[in-house]
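Chain B: place on chain A using the hints.
Protein chains in written order, with this note's numbering: chain A, 0 to 112; chain B, 17 to 130.
Errors might be hidden in some of the hints.
Claimed, not checked - Just a sample of chain A residues kept apart from chain B, beta carbon distances all over 12 Å, derived:
#1 Glu14
#2 Gly15
#3 Lys41
#4 Ser64
#5 Gly70
#6 Ala90
Said to hold, decoys possible - Only pairs whose alpha carbons sit at most 25 Å apart, straight line, appear in this in silico SDA-like list of lysine to any residue:
#7 Lys87(B) with Glu14(A)
#8 Lys99(A) with Pro55(B)
#9 Lys41(A) with Lys67(A)
#10 Lys41(A) with Pro112(A)
#11 Lys41(A) with Ser83(B)
#12 Lys67(A) with Thr44(A)
#13 Lys86(B) with Pro55(B)
#14 Lys99(A) with Ile76(B)
#15 Lys67(A) with Pro112(A)
#16 Lys99(A) with Thr130(B)
Simulated from the structure, these hints should not be mistaken for lab results.
All residues carry an ideal CB built from backbone N, CA and C; glycine is no exception.
Chain by chain, the residues:
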Amino acid sequence: KQEVTQIPAALSVPEGENLVLNCSFTDSAIYNLQWFRQDPGKGLTSLLLIQSSQREQTSGRLNASLDKSSGRSTLYIAASQPGDSATYLCAVNSEYNTDKLIFGTGTRLQVFP
Amino acid sequence: DVKVTQSSRYLVKRTGEKVFLECVQDMDHENMFWYRQDPGLGLRLIYFSYDVKMKEKGDIPEGYSVSREKKERFSLILESASTNQTSMYLCASSFWTGAIHEQYFGPGTRLTVT
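Chain A with its partners taken away, still in its complex shape:
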């Protein structure tokens, strides 16, 4: 059974820092990996999707990498801003059941001025 773990569970950093959020998964037979952002009391916003054949994806100050064989992904946020404060979730879908996303429990990020 696929399990997705995110470390750390919470992170508090000063504005301007570069930071790394980690996601690990137990079964490397994944199809895609998605990173989402969730603001308090709101839905999920898709940030980046990495196909299993890709190593990384970039969008603005965000860069997500994927090492499928070791079961790891990282989300790198450059020059963090208070507006980046949110919970970040990663999710994978399996090669054998691509309809279902398995989510990690998230990293709650606070960026203070």
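Leaving out everything else, chain B in the frame of chain A:
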């Protein structure tokens, strides 16, 4: 932009009531999903649908049913609401393109059952 909308942001219902949560997407996606999100448990899949009138149970279908009469609309039904169904409910839709299967989420419905 893909838009997934949910009928209510906040809902308060009494134990035993029948509750309908509605979700609509405007991008002609085949797949639609209902999740619930609880602190410490993360997101858990309740039901999903890959076509009109088709449905599949997710990980926690007990106490719920769904309806998909039109492609753009997916309804979650609590036949007899109970306090342990107090939660945040999230709807999503997805599409396939090449090797990509990406899900898009609605804003969520915070349901409180008293």
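**Item:** Violated hints, by number in ascending order, as checked against the structure
**Value:** 3, 6, 7, 9, 13, 15, 16
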